[in-house]
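Chains L and V supply the protein sequences, listed in that same order.
Letter 157 of the first sequence, counting from 1, is numbered 157 in the numbering used here, and no numbers are missing.
Letter 120 of the second sequence, counting from 1, is numbered 120 in the numbering used here, and no numbers are missing.
Keep in mind the hints are simulated off the structure, nothing from the lab.
Treat the hints loosely; a few may be bogus.
[To be verified] Computed beta-carbon distance windows for the label pairs:
hint	chain 1	residue 1	chain 2	residue 2	range
1	L	L197	V	K15	28 to 34 angstroms
2	V	H218	L	L186	47 to 53 angstroms
3	L	S72	V	S122	20 to 26 angstroms
4	L	V25	V	K82	38 to 44 angstroms
[Stated by the list, open to error] With a straight-line Cα cutoff of 27 angstroms, these simulated BS3-like cross-link-like pairs (lysine-lysine) come out:
hint	chain 1	residue 1	chain 2	residue 2
5	L	K179	V	K201
6	L	K11	V	K126
7	L	K4	L	K179
8	V	K145	L	K181
9	L	K181	L	K243
10	V	K16	V	K204
11	L	K11	V	K16
12	V	K145	L	K88
13	L	K4	V	K82
Beta carbons: idealized from backbone N, C-alpha and C, even for Gly.
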Amino acid sequence: MLRKVIKYDLKTRWLPFALIFGFGVIIPILFYAMTGNLDEDLRFTLRLLVGSLGSMVIVVGTFALSLLWLDSDLNGKTSYLISMLPVKFNNLLFSKTLFFFITTLLSFFFALLCMSLSIMNFTPFSEAYNFLELIIQSISSEAGYFIAVALMIRSLLGIVSFYGFVCAGGAFGHLFGTKRKVAEALFEIAVFLIYVLYSIIFNGLVEFSSSTATEIVLYGVDTVVAIAVTVGFFHFTNWVFTKKINVL
Amino acid sequence: MAILETVGLTKAYGKKKIALDDVSLNIESGKIIGLCGPNGSGKTTLIKLAAGLLTPTAGSITIDGMNIGPDTKAVVSYLPDKTFVPEYMKVFAIIDFFREFYADFDMNAAYEMLKRLDIDGSETFKTLSKGTQEKVQLVLIMSRKAKLYLLDEPIGGVDPAARDYILNTIISNYNADSSVIISTHLISDIENTLDEVIFIKYGKLFLHSTSDEIRETHGMSVDAYFREVFKC
Numbered sequence: 001m002l003r004k005v006i007k008y009d010l011k012t013r014w015l016p017f018a019l020i021f022g023f024g025v026i027i028p029i030l031f032y033a034m035t036g037n038l039d040e041d042l043r044f045t046l047r048l049l050v051g052s053l054g055s056m057v058i059v060v061g062t063f064a065l066s067l068l069w070l071d072s073d074l075n076g077k078t079s080y081l082i083s084m085l086p087v088k089f090n091n092l093l094f095s096k097t098l099f100f101f102i103t104t105l106l107s108f109f110f111a112l113l114c115m116s117l118s119i120m121n122f123t124p125f126s127e128a129y130n131f132l133e134l135i136i137q138s139i140s141s142e143a144g145y146f147i148a149v150a151l152m153i154r155s156l157l158g159i160v161s162f163y164g165f166v167c168a169g170g171a172f173g174h175l176f177g178t179k180r181k182v183a184e185a186l187f188e189i190a191v192f193l194i195y196v197l198y199s200i201i202f203n204g205l206v207e208f209s210s211s212t213a214t215e216i217v218l219y220g221v222d223t224v225v226a227i228a229v230t231v232g233f234f235h236f237t238n239w240v241f242t243k244k245i246n247v248l
Numbered sequence: 001m002a003i004l005e006t007v008g009l010t011k012a013y014g015k016k017k018i019a020l021d022d023v024s025l026n027i028e029s030g031k032i033i034g035l036c037g038p039n040g041s042g043k044t045t046l047i048k049l050a051a052g053l054l055t056p057t058a059g060s061i062t063i064d065g066m067n068i069g070p071d072t073k074a075v076v077s078y079l080p081d082k083t084f085v086p087e088y089m090k091v092f093a094i095i096d097f098f099r100e101f102y103a104d105f106d107m108n109a110a111y112e113m114l115k116r117l118d119i120d121g122s123e124t125f126k127t128l129s130k131g132t133q134e135k136v137q138l139v140l141i142m143s144r145k146a147k148l149y150l151l152d153e154p155i156g157g158v159d160p161a162a163r164d165y166i167l168n169t170i171i172s173n174y175n176a177d178s179s180v181i182i183s184t185h186l187i188s189d190i191e192n193t194l195d196e197v198i199f200i201k202y203g204k205l206f207l208h209s210t211s212d213e214i215r216e217t218h219g220m221s222v223d224a225y226f227r228e229v230f231k232c
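Take these sequences, add in the hints, and give me the full structure.
Below, the structure written as structure tokens:
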């Protein structure tokens with residue numbers, strides 16, 4: 001089932017992703033060629049700007065597209081077709097989340113490529129490797145490596161959590177009949193506000209913590225909370241779609 | 001065994017709106033059943049409950065002895081009253097999608113129907129006219145060898161010439177072990193094909209009878225009887 005769902009998403013939704021990734025590669029190369037005659041400082045600044053913007057567009061565009069489609073499958077135009085399929089909903093949910101998670105990871109790779117291509121100086125790859133080298137150097141110390149891995153895990157967890165948040169929003173809408181879109185929006189706003197409040201409290205605690213050990217404990221608690229909330233979102237979505245489905 | 005059985009089936013939207021109220025039905029295999037009633041009477045709600053797109057507020061519904069879930073969706077072929085195919089997909093891609101997900105999907109039957117309806121499978125769904133889109137959706141649904149077909153207003157948007165072909169398609173593509181439930185306002189068009197008729201009024205089961213019984217008992221056609229029962 002996993003293969004079938006991912007194959008379907010890949011077959012029907014590859015084009016917009018390919019366009020985003022493709023532009024992310026082509027535009028820095030074009031810009032590189034176009035700015036060859038400019039003053040070196042200006043050239044580098046402009047290329048850095050294009051690289052940064054391009055990377056942002058790739059990551060944000062891919063993420064936004066994934067969320068839109070995920071929402072559409074659960075509570076939008078394609079929810080009819082999805083709800084008619086003879087598959088267990090938890091399998092479907094897992095397959096879809098995995099597919100969009102992979103596209104998001106790909107977007108990071110292409111964002112990095114976009115940045116590398118933008119700041120290369122003479123040959124397409126020499127400076128790109130230097131750019132990567134900078135990252136490798138920064139994580140080469142033990143502490144740097146630990147922080148990098150922790151940040152990466154936390155970011156990936158954040159992405160999955162956001163998918164869970166959108167799924168739960170779509171599922172929540174199902175409980176409110178014709179007012180499902182309003183209910184979905186209110187749910188998402190409420191959860192967002194709770195998240196903002198949580199972040200303020202958490203950052204306050206980190207700021208006033210007296211030792212590094214306390215900070216580590218706080219970050220550990222934060223990760224556990226994030227995992228619990230993410231699991232909660234997916235469980236709630238699965239429960240609604242198996243016990244309370246309401247496709248109007 | 002009944003292909004579709006409901007006991008005290010009730011569906012409420014919120015606290016005030018009861019779409020379906022205590023409906024108990026027993027539908028046997030090998031029948032074509034007309035599901036009739038005015039707008040808002042609960043026809044679509046009943047079909048959606050059977051298709052697994054809604055959950056009942058009270059009562060139970062089973063298909064082929066199974067509770068509604070992935071197993072029943074595998075044996076039920078459901079045509080919604082609105083567009084369910086993603087508009088950006090090509091017709092051939094949609095057929096491929098159905099073949100992938102439904103074990104009972106007959107690819108050759110689908111191609112044959114497309115050909116007879118003169119539909120170009122390489123076209124994107126959104127570029128087709130509304131009537132042709134409805135035909136494509138019907139082709140997808142009738143190309144399955146399902147045990148129960150649930151058709152919600154299958155002929156509402158197509159021209160009268162295509163209606164005959166679609167009705168013939170429905171009749172010729174279902175087998176003796178399966179049943180077809182057709183929800184429609186256009187009773188006169190399908191009256192001759194119906195074995196049984198269900199009337200739903202204000203969410204309640206008003207009548208479940210054979211077409212012949214209605215004609216014999218009331219001395220009028222099903223269409224005429226419908227008009228009499230539901231006249232404003």
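So, going through the hints one by one against the coordinates:
Checked against the hint of 28 to 34 angstroms, the pair L197 of chain L and K15 of chain V passes, with Cβ atoms roughly 32 angstroms apart. Taking 47 to 53 angstroms as the suggested C-beta distance range, the pair H218 of chain V and L186 of chain L conforms, at roughly 51 angstroms. For the hinted restraint 20 to 26 angstroms between S72 of chain L and S122 of chain V, the CB-CB distance of approximately 25 angstroms keeps it satisfied. A beta carbon spacing of about 40 angstroms between V25 of chain L and K82 of chain V agrees with the range 38 to 44 angstroms that was offered as a hint.
Restraint check for K179 of chain L and K201 of chain V: satisfied, since their Cα atoms lie roughly 25 angstroms apart, inside the 27 angstroms limit. Of the pairs offered as hints, the one joining K11 of chain L and K126 of chain V holds, with about 17 angstroms between alpha carbons and a cut-off of 27 angstroms not exceeded. For a cut-off of 27 angstroms, the pair hint linking K4 of chain L to K179 of chain L is broken: about 32 angstroms separates their Cα positions. The hinted pair formed by K145 of chain V and K181 of chain L fails the criterion: a straight-line CA distance of about 36 angstroms is larger than 27 angstroms.
Proposed proximity of K181 of chain L and K243 of chain L is supported: the alpha carbons are some 19 angstroms apart, at most 27 angstroms. Restraint check for K16 of chain V and K204 of chain V: satisfied, since their Cα atoms lie roughly 16 angstroms apart, inside the 27 angstroms limit. Straight-line distance between C-alpha atoms of K11 of chain L and K16 of chain V comes to about 44 angstroms, which puts the hinted pair past the 27 angstroms bound. About 21 angstroms separates the Cα atoms of K145 of chain V and K88 of chain L, which keeps this hinted pair within 27 angstroms; it holds.
This hinted pair checks out: K4 of chain L and K82 of chain V have alpha carbons roughly 25 angstroms apart, not beyond 27 angstroms.
Checked against the numbered hints given earlier, the structure breaks hints 7, 8, 11 and satisfies all the rest.
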